[in-house]
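Chain A is fixed; fit chain B onto it per the hints.
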Amino acid sequence: MKYIILLLFIATSLMGAPKEKQLVTPDAALVLLETIKDKAIVLGSGDKEIHSFIDPLCRMSQRYLTLLYKRNKELFSDYTIYLYLHEIKSKKSKKHILNIMDAESEERMLRAIMLGKEEFVLMDIEDEQTQKSFDEIADVAKKIGVFKRPYIMINGKAK
Amino acid sequence: MNHFKNNLYKYNRLVVQARIAIITFFSLIFLYLAFNMTAMLTHNDDELWLQGSNEFNRLLENSQKQTYVQKLRLELGDEPFSVKNVSNIKLLHANLNNIKEIVKIDSPLTHKMIYSSDDEDSSVLVGARTLYDNSIEETITTLKSSFEEFSRFYSSDQEILYIYLFSSSPVDLTEIYIPFEYDVIGTADDQDIFKDIILFLILLTTLFILFSIAFRTIVPSILGIIFISFTTLFTISAYQYIQPDTPLHVSILLVAIAVSIMDFVYIYYGWHIMQVSHSSKRSIYNVVMKTFKPIFWTTIVSIIGIGSLILQNSVILQSIGYNVILSSMIAFVLSFTLLIALLSYFKIKDPYVITKNSSKFFAGLEAKYERTFLVVFFVITGVMFVTSVAFTSLNPSEIVAKSDDEVISLVLPSDGLTHDALKRLEQFHSDIIERFEDDITSITSSYKYARGFSKAYDPSRPFEVSNIDLDFISFDFILYGIADDVIRDSSHHVTIYLEEDSIDKTIVLQWIREWDNNNSTLLDDVNSLLSAAKHDTVNHMILVVLFILFLISLVIYHVTKEKAYAFIALSVNIIPLIWFFGVLILLEIPLSIESLVAMLIMMALSSDATIHFLYYYHRHLRPKSSDEHSLELSFIEVGTPIGIGSTILLITFLLLVFANIPTISTIGIYSVVLISFSLLADLFILPVLFIELIRSKGLRQRHPPKQVL
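If you read the protein sequences in the order shown, they are chains A and B. So for the first sequence, the working numbering puts the first residue at 1; every next one is plus one. So for the second sequence, the working numbering puts the first residue at 1; every next one is plus one.
Hints were generated in silico from the structure; no laboratory data involved. Keep in mind the model is a prediction, meaning the values are calculated, not measured. One thing to keep in mind: the hints can contain errors.
Computed beta-carbon distance windows for the label pairs [what the hints assert, rightly or not]: (1) A/34 x B/97: 40 to 48 Å; (2) A/45 x B/130: 24 to 32 Å; (3) A/115 x B/75: 36 to 44 Å; (4) B/151 x A/59: 23 to 31 Å; (5) A/34 x B/82: 27 to 35 Å; (6) A/104 x B/97: 36 to 44 Å; (7) A/115 x B/93: 22 to 30 Å; (8) B/93 x A/59: 25 to 33 Å; (9) A/108 x B/75: 42 to 50 Å; (10) B/657 x A/78: 51 to 59 Å.
Each residue gets a CB set at the ideal place from its N, CA and C atoms; glycine is no exception.
The shape of chain A in the complex, shown without the other chains (with noise of 0.2 Å):
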């Protein structure tokens, strides 16, 4: 009985303990990013870099998306946003994601599917290279520790 509670302590510990905001050094991240980097949307082509890890479904990336867009003409002068798409798991976005990296817009279809603008079709992606992508994205974000989406990072840095 007693480890059970121990068990249950631990549990209940670890689930309580703060998040660490990211697992690696910001040079490290930025090494980790650098290897991705063909994998993400990017918007805007300024000078300053910003790396996002989104899932598709998720709310709060969705409103963080409507932003990118709304203030478009200041940020996309100003910064490159990298948009990489990585699953909440609760959220079952898997096959979303893959759609939008499997399609011929990239973009129009993450338009579509975050912000609803557009009717699209899901289909069903068996597409190696893309759920290769996928993979190393989630492995990457594994190292870095990303814990929220959308998960903002610049100079290697979480928010």
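Same frame as chain A, now just chain B:
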């Protein structure tokens, strides 16, 4: 003296002989100027105040622009959060957004709230939001549930909503539909030629009627209107020639007319009553003889005294100075050319002397005055003077110009969003809240938002400016549209909202100006700039008032060679000011630029009265004549025109109170009070002081009239 008389006699003959040429000459000039008149009068003196103002110049030197802030006061009724009210607020925003000059609207719908949304596991966003895009139902719910966040926009009973409009130039809100009963605070009247015409029609009609009543003939009314019209048009045109790019404020023109109108009254009145015993032509010569020197000296006092304002940096003070100089000179020239030429065409049969009996009555009363009353009066006035000085010394901020609006907008020049700039802002927040804790409802700045975001990101971490991640804050400021509000051209913009009906904004402004040791904080909203400019001007105006007092004393001393007379002149001119200050302090009315303009009007009239009265009284001092007789003659010859002139101006200014132009109305009220005090002092205190002096020093024997002037 004989040489002077001879020259004046020759001059008088020349004017009468050449009267057709003189009248034609001035009439042609008048017609030419009237048909080529392009000068505009303005009721909105904001731009005039700003030009030459130190604060405004500093703003321009730092490549910043002024902002116009207007506070809309909307009546919501007893259901402030009804669907209708919220829908109308949204409609109002839509209408306001169509005005391109409006750069920012601060209202419950645009108010930014920093939040940390945590929908569920792993879906978290720290951000700033407004109610602007929310549905009506969502807006109502949020306003009710988080009212504290929006309370600064509402009156305590929630029936009044305040919306703040920031614009790049003045905005005329009558052009848009505002679906509420509303007032606008912080706006000024714009140019309106219709108002000007009405105002001058009121003035001229009043003068016409009053002249007719005072003299029981239409002659002075016609001549008075001609004289005033010529003086006014010539003054406006001359001013336009000297200062082509500066519009003329109506109140300044009023000061100029008030200064010059008395010349007409003295000359006409003297000519009018002299026809009791002389022919019209002889009367003209006599009146020129009697009035030339006093009018010359009063003109000098006005030109040097009030005219000294042209040496100030402030454009509006220069404007007053130029106009008084021009109107005084023009009135002097016209008095002894055009007016004399016109008078030579008229003759008054059985001239009516309105104060013939009252002059004798008052002279009799004052000649036998009780010294105790005089002493008591001076003691009371002295106590009032000491009280005024003590009050002003103890509460210096209480005497400054009052400002109605409750917003202050500042610029802190900086290198953008840096830790140093945020630390400076933190210090400013801390200091101003410590000093005006109960008077400030809110301060908007980059520090406020940076602090809000930092706390929302990491609530457990104690906030320190040095820990703020500037990269994230900069990104957030753009993402949530905050940067435009608080940082422009690398400078930080701070907006301070004051509690309604709390501390006078001017006191906070002065504190801000003194807070910054480096003198780098800039006021950028026009109302605050105006308050600062007026505050700085008050000191100059007080100096001018004191200078005029000194000048009057100097002229009187020059005329009489008697220090005691100079002292009397000084006392008689100070007494109305002391009583006026007493009234202001008693009624808790702060000293404003309007009251100082009224003081200048009063000083101009009072100096006229003092110099004329003294000159005549001195002339009528004869070794064998009684005090009563000398006083009676002075009352008839000078007291009456002083009374008539002051009464006419008093009624005119009283009418201006109802002119529905705030600045003019306020000047009207103050002028009425000051002219009343001045008239009482001139008619009751001045003669009594002369008699007192003469009795105590035996001046009658020492200075026979021949030595005067």
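**Item:** Consistency of beta-carbon spacing, residue 97 of chain B to residue 34 of chain A, with hint 40 to 48 Å
**Value:** holds, 43 Å
**Asked** For the pair residue 657 of chain B and residue 78 of chain A, does the Cβ-Cβ distance stay inside 51 to 59 Å?
**Response** Between residue 657 of chain B and residue 78 of chain A, where Cβ atoms are some 57 Å apart, the hint holds.
**Asked** Does the Cβ-Cβ separation between residue 45 of chain A and residue 130 of chain B fall within 24 to 32 Å?
**Response** With Cβ atoms ~29 Å apart, the hint holds.
**Message:** Taking 27 to 35 Å as the stated bounds, is the beta-carbon spacing between residue 34 of chain A and residue 82 of chain B within them?
**Reply:** violated, 56 Å
**Message:** Quick check on a hinted range of 25 to 33 Å for residue 93 of chain B and residue 59 of chain A, using CB atoms only.
**Reply:** For residue 93 of chain B and residue 59 of chain A the Cβ distance comes to about 26 Å; the hint holds.
**Request:** Indicate whether the distance between the beta carbons of residue 115 of chain A and residue 93 of chain B respects the range 22 to 30 Å.
**Result:** With a Cβ separation near 24 Å, residue 115 of chain A and residue 93 of chain B satisfy 22 to 30 Å, so the hint holds.
**Cβ separation of residue 104 of chain A and residue 97 of chain B, checked against the hinted range 36 to 44 Å** = Hint holds: Cβ distance 38 Å, inside 36 to 44 Å.
**Asked** Does 42 to 50 Å hold as the CB distance between residue 108 of chain A and residue 75 of chain B, or does it fail?
**Response** Check passed, 49 Å falls within 42 to 50 Å.
**Request:** For the range 23 to 31 Å, tell me whether the beta carbons of residue 151 of chain B and residue 59 of chain A fit it or not.
**Result:** holds, 29 Å
**Message:** Taking 36 to 44 Å as the stated bounds, is the beta-carbon spacing between residue 115 of chain A and residue 75 of chain B within them?
**Reply:** holds, 40 Å
Taken one by one, the earlier hints fail for this structure only at number 5.
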